[in-house]
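Participant: As a plain string of letters, each chain reads:
6 protein chains.
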Amino acid sequence: MKRRLKIFAGQSNKPLANEICSVLSIDPGKLTYKKFSNDNIKIRIEESVREDDVFVIQSGYPNVNEAFMELLIIIDALKYASAARVTAVLPYYPYVRSDKKDEPRISITARLVSELLAATGVNRILTMDLHAPQIVGFSRIFVDHLTFRTIMADHFMKKDQDNLVIAAPDAGSAKMTEKYARMLDVPMVVMDKRRYSDNEKAHVLRIIGDVKDRDVIIIDDEVATGNSLIEAVNALKTVGRARRLYAGCSHGVLSNDALSNIEESYLEEFVTTNSIDQTIRKLPEKMTVLSVAKLFADAIAAVHMGTSVSKLFM
Amino acid sequence: MKRRLKIFAGQSNKPLANEICSVLSIDPGKLTYKKFSNDNIKIRIEESVREDDVFVIQSGYPNVNEAFMELLIIIDALKYASAARVTAVLPYYPYVRSDKKDEPRISITARLVSELLAATGVNRILTMDLHAPQIVGFSRIFVDHLTFRTIMADHFMKKDQDNLVIAAPDAGSAKMTEKYARMLDVPMVVMDKRRYSDNEKAHVLRIIGDVKDRDVIIIDDEVATGNSLIEAVNALKTVGRARRLYAGCSHGVLSNDALSNIEESYLEEFVTTNSIDQTIRKLPEKMTVLSVAKLFADAIAAVHMGTSVSKLFM
Amino acid sequence: MKRRLKIFAGQSNKPLANEICSVLSIDPGKLTYKKFSNDNIKIRIEESVREDDVFVIQSGYPNVNEAFMELLIIIDALKYASAARVTAVLPYYPYVRSDKKDEPRISITARLVSELLAATGVNRILTMDLHAPQIVGFSRIFVDHLTFRTIMADHFMKKDQDNLVIAAPDAGSAKMTEKYARMLDVPMVVMDKRRYSDNEKAHVLRIIGDVKDRDVIIIDDEVATGNSLIEAVNALKTVGRARRLYAGCSHGVLSNDALSNIEESYLEEFVTTNSIDQTIRKLPEKMTVLSVAKLFADAIAAVHMGTSVSKLFM
Amino acid sequence: MKRRLKIFAGQSNKPLANEICSVLSIDPGKLTYKKFSNDNIKIRIEESVREDDVFVIQSGYPNVNEAFMELLIIIDALKYASAARVTAVLPYYPYVRSDKKDEPRISITARLVSELLAATGVNRILTMDLHAPQIVGFSRIFVDHLTFRTIMADHFMKKDQDNLVIAAPDAGSAKMTEKYARMLDVPMVVMDKRRYSDNEKAHVLRIIGDVKDRDVIIIDDEVATGNSLIEAVNALKTVGRARRLYAGCSHGVLSNDALSNIEESYLEEFVTTNSIDQTIRKLPEKMTVLSVAKLFADAIAAVHMGTSVSKLFM
Amino acid sequence: MKRRLKIFAGQSNKPLANEICSVLSIDPGKLTYKKFSNDNIKIRIEESVREDDVFVIQSGYPNVNEAFMELLIIIDALKYASAARVTAVLPYYPYVRSDKKDEPRISITARLVSELLAATGVNRILTMDLHAPQIVGFSRIFVDHLTFRTIMADHFMKKDQDNLVIAAPDAGSAKMTEKYARMLDVPMVVMDKRRYSDNEKAHVLRIIGDVKDRDVIIIDDEVATGNSLIEAVNALKTVGRARRLYAGCSHGVLSNDALSNIEESYLEEFVTTNSIDQTIRKLPEKMTVLSVAKLFADAIAAVHMGTSVSKLFM
Amino acid sequence: MKRRLKIFAGQSNKPLANEICSVLSIDPGKLTYKKFSNDNIKIRIEESVREDDVFVIQSGYPNVNEAFMELLIIIDALKYASAARVTAVLPYYPYVRSDKKDEPRISITARLVSELLAATGVNRILTMDLHAPQIVGFSRIFVDHLTFRTIMADHFMKKDQDNLVIAAPDAGSAKMTEKYARMLDVPMVVMDKRRYSDNEKAHVLRIIGDVKDRDVIIIDDEVATGNSLIEAVNALKTVGRARRLYAGCSHGVLSNDALSNIEESYLEEFVTTNSIDQTIRKLPEKMTVLSVAKLFADAIAAVHMGTSVSKLFM
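From first to last, the protein sequence lines are chains A, B, C, D, E and F. Quick note: to get the numbering used here, add 13 to the position in the first sequence (first position is 1). Quick note: to get the numbering used here, add 13 to the position in the second sequence (first position is 1). Quick note: to get the numbering used here, add 13 to the position in the third sequence (first position is 1). Quick note: to get the numbering used here, add 13 to the position in the fourth sequence (first position is 1). Quick note: to get the numbering used here, add 13 to the position in the fifth sequence (first position is 1). Quick note: to get the numbering used here, add 13 to the position in the sixth sequence (first position is 1).
Any given hint could be a false lead.
Copies of the same chain are indistinguishable here, so a pair counts whether it falls within one copy or spans any two.
Each computed DSBU-like pair below joins lysine-lysine, with the alpha-carbon atoms no more than 30 Å apart [as the list claims (entries may be wrong)]: (1) K27 to K48; (2) K43 to K192; (3) K172 to K192; (4) K188 to K48; (5) K206 to K299; (6) K250 to K299; (7) K188 to K206; (8) K295 to K43; (9) K225 to K55; (10) K48 to K295; (11) K250 to K307; (12) K299 to K48; (13) K192 to K48; (14) K47 to K188; (15) K225 to K192; (16) K27 to K55; (17) K206 to K192; (18) K27 to K47; (19) K27 to K43; (20) K172 to K295; (21) K192 to K250.
In short, the hints are calculated from the structure, not lab data.
Generate coordinates for the entire structure from the input sequences, incorporating the hints supplied.
Facilitator: Here you go:
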């Protein structure tokens with residue numbers, strides 16, 4: 014009994030889905046999406062998926078609640094259409110930063126997301142660059158956790174890097190930043206976001222470590238409004254007296270005025286990926302978008318064929 | 014160990030929640046709702062609910078996906094804050110009309126909704142006038158299924174009803190309409206929505222039964238755009254030559270031009286409830302909104318106290 | 014690894030199982046059924062089913078409790094004998110009419126049936142013409158819901174139908190009756206089973222719509238004692254002054270005096286199926302039994318092969 | 014919030030239920046049992062059980078399948094009527110002897126029974142003298158396993174027992190028989206049911222151990238047709254030359270000709286209990302029925318009150 | 014998609030695993046076992062198992078808790094490495110004798126073991142000669158329960174057996190001993206471990222049945238310290254005046270002074286298997302170790318290929 | 014119905030359990046622990062716990078596998094003894110550092126631990142200072158996650174701290190270290206454990222930030238062999254030229270030569286807690302053990318009483 018590979022896409026990131034299908038030389042699966050006047054979504058899968066091996070691509074931005082409910086409905090439709098296996102492909106995991114209970118009486122929503130996916134009977138999750146690697150353990154679904162670090166590091170490797178240093182924008186990012194620092198074999202610094210009582214320069218971040226006259230790459234997993242990033246850039250430039258500044262993040266949410274702020278900042282280049290659809294806006298000149306399509310296509314092919322893929326995974 | 018009664022409300026229908034709390038003479042539970050620039054919702058419960066008996070009120074309109082995700086997050090926060098019992102109060106059940114697989118490869122989303130609620134560990138559901146009573150069986154959560162029929166029928170009972178007849182707007186509503194007809198002890202008719210090949214008057218509904226010179230109440234569980242209702246009204250008036258026309262529905266979605274169409278129609282009165290928040294729009298003169306607050310407050314009190322409540326339930 | 018198709022039958026409807034096997038050109042699976050003096054049933058599967066694709070056929074009548082327990086025991090034996098997949102084939106779903114909680118403190122037994130099947134680890138359900146399509150959602154087991162409507166409609170299509178009308182025996186059947194009316198493209202009427210206070214003719218059903226001088230087909234999903242049917246027939250003939258009367262139902266329980274009552278009624282023909290074993294009694298002349306064997310055989314073959322089968326399903 | 018103690022009974026052993034209620038000085042819970050012409054059972058609980066502590070009494074004989082389905086339906090109705098806790102009281106556990114897979118491709122139906130009970134959400138099981146104590150582990154439901162051995166042993170203790178010996182009717186009963194032998198502090202023998210090749214007396218059981226001129230009590234957990242028992246009696250009398258013979262069993266199924274065979278046998282007395290309803294037949298003179306009502310009433314009271322009850326349990 | 018057969022071994026019985034692999038002509042799967050200074054175990058599977066059919070061999074002795082945790086961790090690693098199916102091969106089932114609640118407030122740990130295995134998502138269990146066959150029903154995992162009886166009986170069949178008798182070391186073993194007696198077609202006796210009040214010879218076991226001048230094989234499923242066995246041997250020799258004495262058990266735990274006690278006893282031969290690793294100690298001359306490797310290899314091959322294997326199973 | 018508070022302890026940390034009981038003025042619950050010659054553990058709860066609120070205290074060191082299996086068996090015994098609620102109190106969470114899949118084909122054993130606990134039906138977990146806060150989300154069990162940071166910070170607050178700095182021993186600890194730095198309102202530095210290619214001083218850690226002439230507190234969640242700690246101490250002293258050095262960790266595993274290495278190091282003081290039993294060894298002079306008993310006792314009382322406890326939790 015054959016299990017054909019099929020890829021369906023939700024509304025959140027169709028260009029990426031198309032690119033992945035293109036890499037794999039298959040046509041995207043056909044489905045009809047309809048939104049009724051009472052805001053209900055209706056999904057109809059327009060081709061047989063009986064006993065097939067199906068992947069559904071949906072990102073956690075924009076409109077994460079709408080997009081996530083749509084994903085659950087697509088999966089439900091596929092499962093009840095007797096797909097043999099359904100894998101949720103989440104280039105940007107929904108609610109990924111809500112991963113711990115650091116205040117009383119809040120939801121660990123990334124865990125809830127995992128439980129809700131499990132409730133649909135989805136068989137696997139394929140995702141990339143989670144805020145914390147522990148999120149993989151938030152349900153009993155098997156998660157393949159890809160990393161974009163190698164590709165991102167390769168991009169910066171091409172820079173003149175005699176004098177490079179990697180900056181973690183806050184203490185929580187230090188671990189992840191260190192992995193980049195190892196790959197590029199350069200030193201790292203950490204931004205201390207606290208305002209010290211003994212700090213004569215109020216409103217300025219302190220830099221743990223030295224960046225003077227160095228080129229600095231600020232690395233984060235996600236940039237939303239970009240305010241933290243711009244603050245770090247300013248501190249590295251004006252307080253730390255760094256030379257050139259670059260920034261890279263896996264998930265470019267880039268909400269509010271992020272794009273214009275980046276364009277007007279000291280940054281030479283801002284690198285992100287299409288884990289979130291970047292085709293919906295006009296991108297500033299300083300911005301470089303690297304594609305995750307090849308990475309996901311390779312992983313999907315490996316999962317489908319059952320071949321060893323550990324080198325793709327974190 | 015006391016189990017205090019607490020009621021929290023999502024964003025969808027706070028006026029109803031307040032009214033219910035007012036009937037029960039308790040203050041609404043405090044929670045903070047925040048929506049971030051990346052569209053993520055954050056809920057923080059602002060008072061201890063440890064070992065309490067908590068009810069959360071959320072309707073399935075407007076913005077059903079946003080509202081439903083918010084509900085799931087609130088429940089998750091409450092459960093992990095060690096509430097003894099959490100009851101989801103759903104005056105208008107999300108995706109209630111998506112209750113069967115009448116096309117290939119679609120989701121029975123009302124069932125999915127029930128599964129997703131179950132995945133949060135919610136203990137009970139309290140809802141009203143479901144599109145089909147079978148929906149109660151869509152998960153293992155205990156559902157108390159209230160009916161507004163008695164109150165709705167009482168409202169129409171006050172009309173001059175010597176010559177009344179109840180109209181089902183389509184064959185699928187005939188069963189529910191019959192219950193109203195029994196309560197009011199009047200005849201019923203059924204609208205046949207098909208366009209017959211032998212029908213000289215195209216675009217006109219056929220009426221099964223006789224309404225000539227009679228006052229007709231069209232009953233439905235939900236009115237969305239109102240197009241079907243207005244078609245039925247027109248057919249009953251112009252083809253069936255009915256005298257006065259009334260309409261009643263449990264759930265007034267009233268999207269698109271529903272309100273103005275109703276206002277401009279042959280209808281004398283359109284009756285609905287606040288199971289969906291009706292305070293957000295200016296209501297037309299013909300529209301009467303009956304409150305479900307007393308019904309839900311009584312049910313919540315009964316569930317909380319463990320007293321017999323079968324008379325409130327369908 | 015091959016997955017051979019195997020079909021086993023419980024005690025309730027062996028002739029249908031044999032007919033299905035005959036259509037599929039396979040031998041029925043061998044099992045030994047024994048009932049001990051303490052009323053315990055023992056099932057032994059008499060051939061290897063390891064890694065096979067197994068279907069078990071059992072109807073919900075007669076002796077539904079005995080038959081259903083037998084079905085559960087057969088499934089349990091098959092699962093623990095390492096069958097790769099077990100599908101419960103339920104031509105007449107057990108307790109199908111117990112699908113809602115329309116009285117306080119009763120069981121929704123059709124839902125319980127679904128949960129009990131799920132508890133055995135059965136993989137799929139294949140059934141036909143459920144009383145309500147929502148029953149499909151009563152558990153997380155995948156249900157393929159066949160319909161006999163096309164075949165039934167074809168049978169009546171061959172009648173002289175210039176003047177045909179379809180009658181729903183009660184308001185609850187109106188929706189299903191309408192589907193037949195659409196297929197045959199004829200008008201429909203609905204029987205109003207209430208006794209009106211203003212009705213001079215006590216004990217007579219009211220007919221919503223007009224049947225005078227018309228040929229009427231009364232359609233229901235199930236006929237048990239036939240009392241409602243005969244009442245409808247009498248009303249249509251004596252009050253509605255219909256010409257010829259036919260009746261069709263998917264599931265012919267035909268308990269008590271149903272057969273003789275039908276034979277002595279105004280009905281010209283009563284059509285049902287072998288979803289329930291009809292070979293155990295002498296059938297009256299007016300009765301026509303259409304076979305569901307081809308329909309189920311096609312569905313079993315499609316499920317087994319993983320080919321698209323949406324056209325067979327409701 | 015009070016949790017009232019309520020006891021409901023299925024159709025299988027109402028006299029025992031009444032006796033238990035009488036010991037506890039409470040009225041039996043009210044329910045309506047109806048069997049329709051299509052063999053469907055309908056149960057309606059006729060009093061509120063919301064937040065109550067409910068026990069349901071049902072035996073596994075007679076009509077075990079019918080009785081067990083009825084039990085599941087009663088439990089389902091009670092759970093959905095919001096009983097706080099439901100305990101299944103099974104004086105004679107259904108399918109208790111089907112507890113192992115000693116042939117290929119059979120069901121361990123006692124395990125299935127446990128799974129099906131679990132599927133209803135029942136909270137506890139209260140049962141007595143299981144065929145094997147391991148059955149307690151067949152599901153995650155908490156089982157209180159009572160033993161009647163103390164009461165049974167007390168009964169025989171009153172016999173003249175200078176010369177008593179306990180006989181296990183087969184090797185499988187040796188363990189349980191030994192417990193009786195310990196309590197009565199007498200020797201035991203074991204019946205060897207095999208026909209030896211070197212046995213000159215064909216068709217006669219061999220006795221392992223010596224019973225000559227001794228009074229023998231044959232102990233078993235269950236007697237169905239009584240054939241094995243009578244064979245043992247005959248062997249002990251004619252081959253072993255025992256003096257007086259007694260027999261005791263916890264569960265008196267007594268199907269087929271068991272009663273008359275016992276009456277006509279060498280047995281002086283046959284002792285059993287009302288774990289199975291014995292009021293439905295005329296009992297022979299040799300038969301003594303001991304009541305389990307006090308034992309179950311004590312256990313129910315202890316479970317209800319949460320007091321220590323280990324002395325009642327095996 | 015191929016599903017390659019792979020066999021991994023924990024630390025408890027690697028010689029058996031190697032022997033099984035040798036019979037099947039495959040290399041053992043590669044894994045790295047590391048124990049950290051904080052006593053944590055780390056397992057890394059050193060080859061791809063994606064979509065493979067994997068068997069893990071681990072015995073319940075020695076260091077059962079350490080060994081069982083290691084097994085759970087191996088299974089967890091294999092499942093999350095996307096093995097298609099994982100079967101736990103347990104030649105000696107952990108905590109197998111803790112199978113009933115014969116004291117208040119103890120754990121039925123054999124049941125817990127089964128639940129814990131189920132929690133890892135393991136797909137099947139393959140085990141041998143359980144203390145009680147009911148243990149198979151302790152979870153919903155499919156268990157293939159092999160028996161070594163045929164091979165053990167064959168071994169003794171080669172003895173001079175004109176005058177043989179089988180002895181059960183206690184009443185609880187009578188059922189299992191009887192199966193051996195049937196296979197060898199010889200009589201059986203049962204040891205009564207109680208000290209009778211009327212027994213002139215204190216501290217001596219009573220023998221139910223006659224062994225005078227006969228050769229006796231004492232059969233048990235497990236021998237731990239051997240104290241019970243030696244007591245039985247002594248009683249059979251000195252009280253029963255048996256001729257030659259043999260003993261056989263499936264699982265040779267042989268803790269404390271078991272080996273030297275056996276060597277110094279009246280036993281002519283003590284036969285056990287390598288279900289527990291026997292290579293770690295110097296075996297006494299009287300001891301014969303039969304290999305279970307062929308039995309398990311055949312079962313693994315049958316499970317892997319999906320061929321009928323009922324003849325291998327109990 | 015009262016729910017008495019009861020506290021039981023496993024073998025791993027009885028002194029802490031006794032201290033907690035002492036704070037709460039209750040006697041420790043009685044249980045018998047026995048280890049058989051076949052390494053099987055047997056637990057018998059020696060007092061009734063029916064309907065009680067039970068807490069079980071067990072640490073993840075020493076002998077984590079033995080201790081964890083013992084914990085599971087205790088919980089199993091308590092649940093089946095009908096305790097109303099069982100909370101696992103894990104001062105040092107087993108396998109806490111195995112919280113992510115940072116190599117292919119390994120187990121996230123901290124997640125497995127959580128699943129295994131869930132499999133026993135345990136109701137809650139109470140733990141302290143997890144390696145990563147995400148671990149709370151590794152199962153659906155409710156986790157109260159205490160922090161010892163406040164008490165630890167208070168301890169160091171008493172030091173002369175004009176010139177204090179907090180050091181994270183590696184990038185992964187930076188986030189947690191920052192929380193201490195905030196509480197003490199002092200700067201932080203981060204140890205970079207990589208050996209840089211451009212580093213003239215091989216084998217020496219680089220310090221990100223400045224510690225010259227400052228007093229440094231190195232903070233970690235767990236110290237096992239202490240090698241990393243001593244390396245950090247040496248680097249801070251010899252490369253960074255720090256003045257005085259202190260270290261603090263929540264969980265003092267202190268395996269191998271940790272104690273003597275600490276004693277002989279540049280450290281002035283090493284502070285840890287009794288989350289792991291420290292009474293089993295002679296403590297060096299430099300070592301201070303702070304008790305977590307009050308913290309856990311307060312949390313247990315709060316959970317038992319259902320009072321708000323968010324201030325105790327992280």
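Participant: Run every hint past the structure and note whether it holds.
Facilitator: Against the structure, the hints come out as follows:
Taking identical chains as interchangeable, the C-alpha atoms of K27 and K48 lie at most 30 Å apart whether they share a chain (17 Å) or sit on different chains (25 Å). With identical chains, the CA atoms of K43 and K192 are at most 30 Å apart between copies only, with a shortest distance of 28 Å across copies and 40 Å within one. For the identical chains of this complex, K172 and K192 are intra-copy neighbours only, at 18 Å inside a copy versus 35 Å across copies, given an alpha-carbon limit of 30 Å. In this assembly of identical chains, the alpha carbons of K188 and K48 lie at most 30 Å apart only when taken from different copies (25 Å versus 43 Å within one copy).
In this assembly of identical chains, the alpha carbons of K206 and K299 lie at most 30 Å apart only when taken from the same copy (25 Å versus 34 Å across copies). In this homomeric assembly, K250 and K299 come within 30 Å of each other (Cα to Cα) only inside a single copy, at 17 Å, whereas the closest approach across copies is 44 Å. Taking CA atoms no more than 30 Å apart as the test, K188 paired with K206 passes in both settings, with 16 Å inside one copy and 11 Å between copies. In this homomeric assembly, K295 and K43 come within 30 Å of each other (Cα to Cα) only inside a single copy, at 29 Å, whereas the closest approach across copies is 41 Å.
Proximity of K225 to K55 under the C-alpha cut-off of 30 Å is found in neither arrangement, the shortest distances being 57 Å within a copy and 39 Å between copies. In this assembly of identical chains, the alpha carbons of K48 and K295 lie at most 30 Å apart whether taken from the same copy (27 Å) or from different copies (25 Å). Within a single copy, K250 and K307 get their C-alpha atoms no closer than 35 Å, and across copies no closer than 48 Å, so neither meets the 30 Å cut-off. Within a single copy, K299 and K48 get their C-alpha atoms only as close as 37 Å, which misses the 30 Å cut-off; across copies the closest is 29 Å, which meets it.
Only between protomers do K192 and K48 lie at most 30 Å apart by alpha-carbon distance; the minimum there is 26 Å, versus 43 Å within a single protomer. For the homomeric pair K47 and K188, the shortest alpha-carbon distance between copies (25 Å) is at most 30 Å, but the shortest distance inside one copy (43 Å) is not. Taking the closest pair of Cα atoms, K225 and K192 come within 30 Å of each other both inside a single copy (22 Å) and across two copies (27 Å). With identical chains, the CA atoms of K27 and K55 are at most 30 Å apart both within one copy (18 Å) and between copies (27 Å).
Taking the shortest alpha-carbon separations for K206 and K192, both the intra-copy value of 21 Å and the inter-copy value of 12 Å come in at or below 30 Å. Taking the shortest Cα distances, K27 and K47 sit within 30 Å of each other both inside one copy (16 Å) and across copies (28 Å). Taking identical chains as interchangeable, the C-alpha atoms of K27 and K43 lie at most 30 Å apart only when both belong to the same chain, with a minimum of 12 Å there against 40 Å between chains. Taking identical chains as interchangeable, the C-alpha atoms of K172 and K295 lie at most 30 Å apart only when both belong to the same chain, with a minimum of 25 Å there against 56 Å between chains.
In this homomeric assembly, K192 and K250 come within 30 Å of each other (Cα to Cα) both inside a single copy, at 23 Å, and across copies, at 26 Å.
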